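Chemist: Position chain B relative to chain A; hints supplied.
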Amino acid sequence: MTLLTRLSAVVVALTIFAGLSSTAMAEKKILDVIVASSNTGNNWKQGVMLQKALTERGYDSKLVHTANCFKNKKYIAQTDRPGFYFKSGSSWISDVVRKKCFIAPEVTKDVSYVTPFFYRSNAMCVRKSDNIGSDLKSIVAWIKAKDRVTIGTFNNLPDDFSDLGKQFGNKWKKVAYNGSSNTLKGFLAGDTDLMYLGYTAREINTPDLDCFATTGGVNGTAKFADLFPNWGLSSLVEFPIVFGIKLNAEQIADTKAVMADMMSNDPALKKYYGTAFIPTAAELEERGLGLADWWQDAADWMPGGVKSDTVANWKAGKLQ
Amino acid sequence: MIEDGVVHIAGSFEWIDFIHVMGGILAGFLAGLIPGIGNTIMLFMLYPFLMESTLFQMLVFYLGLASVSQFSGSVIATVFGIPGESSSLPAVREGKRLFERGQGNFAISGAAIGSVFGSFISVCVIFAILPFVVHGLMNFYSAEIQFGILWIATCSVVFLLGRSWKENALVFTLGAGLGLIGQHNVPFFIFGEGYLPYDTFPSLYEGLPLFPVVVALYVFPTLLNTIEQFKDFKYENDMDYTDNASPMVHFKHWWDNKWASIRGSIFGAFVGLVPHIGTGIASNFSYAVEKKRAIKEGHYREDGHMKSLISAETANNSCTLVLLLPLMLIGIPMSPSETILISLIEMNSYVINWRVSIEQNFFERLTYWFVFINIVAVILCWPAVKYVNVLKKLNMIHMIYGTGIILVGLVMYTGFTQYDMWYHFTVMALLLPLGYILRRTETLILLIAFILQDKLLMSSNVLYNLHFG
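The listed protein sequences correspond, in order, to chains A and B.
Residue numbers for the first sequence follow the numbering used here, so the first one is 1 and each next one is one higher.
Residue numbers for the second sequence follow the numbering used here, so the first one is 1 and each next one is one higher.
The following block holds chain A by itself, in its conformation from the complex:
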């Protein structure tokens, strides 16, 4: 056999292999997971678990880190791959009001509403190592006895805790950190007296943390509304929904179904949401929550509240 013949045979074999591989890839459904926030917190953690679960279900899925609203917009404009990202009302408001980056999900042609994602309480915590006592009475007395209470929280909370200052007759000082991970680290190192953060498996499993009150009163904690009746943020929750990117109607239905399946049946995701008593996509669908509730949640996170026609403007793609 001449060298030319041998080379031709190799080329033909490689072509057949490449053809077969691409056919096999083509049969896989594409669904990328896009994380449009930092890679230090809970969103990233969930993104990693979702991408893994999708891959295990036979999807061709990539984890894309767009990090912020601006890059997310650019990514959406450039990509051809179907995917989804999740966005809470708090994060959307922060993008719009502070960062001047606006994605109007109901009018942006490449973005579509898929399903509610989850509904998570926020929590207020103390350190066990401060030996305040584990019962609510001791904690409340300890807070009351202070002239100045420092509370560590994430940076986009639309409140300065002055309502609580009035209730307890002392001064409350909000100390903002960049993201939940830094907030928790600073709190554990002893920076602040209290911490206000999302109630996740991380907060439940950190040994030195005692989260004594939450929005929903879950896991045997006190309910904010009962403990702090005059606090404007006592009902504030984290309510992200799933936005599809470059999805057609069939793909939207498929994404909705696979989200419900993953959150109920994937061991890691099930544990993550189960541990923190977080109702997931299918349960929220059953409760009838949807896009309108997400808009309301976004309005709740607006510093100083919103005018009546603001949400309507947002929905129509107008930033006013």
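It is possible that some hints are incorrect.
What the hints assert, rightly or not - Here are some chain B residues pointing at chain A (derived, C-beta under 10 Å):
#1 Tyr141
#2 Ala143
#3 Gln183
#4 Val186
#5 Thr200
#6 Pro202
#7 Tyr205
#8 Glu206
#9 Glu302
#10 Asn348
#11 Ser349
#12 Val351
#13 Asp454
#14 Val462
#15 Leu466
Stated by the list, open to error - Label pairs and their calculated CB-CB ranges:
#16 Lys171/A <-> Tyr413/B: 51 to 57 Å
#17 Glu14/B <-> Lys28/A: 21 to 27 Å
#18 His467/B <-> Lys28/A: 51 to 57 Å
Hints listed in this document are in silico derivations from the structure and should not be mistaken for laboratory results.
Keep in mind it's a predicted model, so treat the numbers as computed, not measured.
Glycine included, C-beta positions come from ideal geometry on N, C-alpha and C.
Modeler: Using the frame of chain A, we list chain B on its own:
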């Protein structure tokens, strides 16, 4: 410990880690050999190959690069008298003289074998201090401590580097100012909102991207200085590097200088922790101590002193791993190449801090690989030194121009991967004149200010709110 290391590498061996280690060794060998390239530029140039790498693979690649480039940098310093980094000045001084009196091969083997020895000492130091450091971080890494560490890092670059602290402070302010462009979360503000064209160029809201800034304001001045260095450069003699001695003879030579090696290792492992200038100080300090000692004892040779050289070379290698501690524990880079490493880590969507490093057992895994890297450097890189004469045939100026062109391409490529190629290119192009103006200053300070300003702002804000707000 050696047994643990062998068991570890064999037990958790993955080919992909091994490929990263070997890639790092090869890259380090070339980075040290080619003047003006160095770890920073080499790491930057190889980013496309590291895009899919995990955090550990990037770290182990970097360790190979940083360790072996010290060795190959001292080879060209010894054979050609060309200084690479500040840490190779002892090699230029003593190595060159040793080379001229026919001892160059022993100078190089002494540095190589000494580096393996230094790596062992460095591993012992890491294992000894790590539990205390981690305990401290877990329990006491409060806002005050963070603030203190950041300001020590800042003051050390301003007061220890360059020609004058006033010039450094100005360069630092400029770097911090460039870093401030865009939005900041804590405290929230948009820098220069009324003056900078955010509405026309919304990408500015995201801030200036790091890679174009590094190329325009650190790499470009470095390459300009290297071109100047080589403009009238002529090889001082026609001597070629030769080595006919057996490995045993080399080892015996090193053994005769073992105490110098031990002293250098210990200096390196501790002095290396001085922020931003650790390697240079470790190397030059060990050299000065050994030279003074030899002069006092009356055995210093003006035509090249082996003990001083071996001590300096062992010291700069023993601090390579120690230098990674601040990066792996609190995410603060200690050298320009670590600045690039941390940005590559972030671009690959990883986070590095003590929690990640401890949870994933990085220190133990890296220390074993570190010893392996140094052993491989002796086995593979030392024999390869005989080909160093080939470098005489290359036109260094052309190589530097070639490097510049590749870097421009890489800025565009990384911009493309960040969905904003032309923004990255424009930032680089606009900053190049500034890089030219700053070519005589210590632009490493600018880079550090650009990276640290966000952390400085946040920790200052937290501290203010805790105590005064």
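Chemist: Of all the hints given earlier, name the ones this structure violates by number, lowest first.
Modeler: 5 and 9
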